[in-house]
Amino acid sequence: MLNRNPFKSVVMVIDDDEINLLLAKTILEKKLRCKVITAESGVKGIEMLRREDVNVLLLDIDMPLMDGFETLRRIREEASLKDLPVIMLTAAADKETVVKVAKQGIEGYIKKPFMPDELIARVQNFI
Numbered sequence: 006m007l008n009r010n011p012f013k014s015v016v017m018v019i020d021d022d023e024i025n026l027l028l029a030k031t032i033l034e035k036k037l038r039c040k041v042i043t044a045e046s047g048v049k050g051i052e053m054l055r056r057e058d059v060n061v062l063l064l065d066i067d068m069p070l071m072d073g074f075e076t077l078r079r080i081r082e083e084a085s086l087k088d089l090p091v092i093m094l095t096a097a098a099d100k101e102t103v104v105k106v107a108k109q110g111i112e113g114y115i116k117k118p119f120m121p122d123e124l125i126a127r128v129q130n131f132i
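Numbering (our numbering), first residue to last: 6 to 132.
If you are wondering where the hints come from, they were derived from the structure by calculation, not from laboratory data. Hints may contain errors.
Pair ranges (Cβ atoms, derived) [what the hints assert, rightly or not]:
hint : residue 1 : residue 2 : range
1    : T31       : K100      : 31 to 37 Å
2    : L27       : K116      : 15 to 21 Å
3    : K30       : R56       : 17 to 23 Å
4    : R38       : E123      : 16 to 22 Å
5    : A96       : T31       : 15 to 21 Å
Backbone N, C-alpha and C fix where the C-beta goes; we use that ideal spot for every residue, glycine too.
Could you build all of it, start to finish, from the sequences and the hints given here?
Here is the structure:
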């Protein structure tokens with residue numbers, strides 16, 4: 006059963022870097038007044054997505070054990086999550102990564118370290 010909350014929108018951030026999680030959570034909660042839930046791995050994130058009603062997912066690419074691409078593939082296999090808007094986060098700027106991200110059928114990506122205004126603008130489109 007999905008958890009309901011008093012916020013109008015819920016954003017989920019999956020990233021193995023605690024600083025990135027805290028930064029995104031602080032910016033989005035303060036500026037967009039939305040609920041932000043976080044997970045430090047793809048496995049934990051998928052488990053939480055099954056329980057939460059999320060409007061948009063921010064997903065890091067470079068994570069140990071299960072990277073963002075594999076996490077996204079597993080999310081898309083879930084009927085209830087297949088249409089979830091996803092914005093990938095990446096520190097990589099190489100052409101190969103940019104092309105791979107573009108082929109994922111997602112709503113875009115944000116280069117890390119991200120600027121607060123860019124994060125807000127991208128997420129605001131989905132809440």
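Cross-check of the supplied hints:
Separated by about 32 Å at the C-beta atoms, T31 and K100 satisfy the suggested range of 31 to 37 Å. At about 19 Å, the CB distance of L27 to K116 agrees with the hint of 15 to 21 Å. Our hint of 17 to 23 Å for K30 and R56 holds, since their Cβ atoms are close to 18 Å apart. For R38 paired with E123, a C-beta distance near 18 Å keeps the hint of 16 to 22 Å intact.
A96 and T31 have their C-beta atoms about 19 Å apart, which keeps the hinted 15 to 21 Å range intact.
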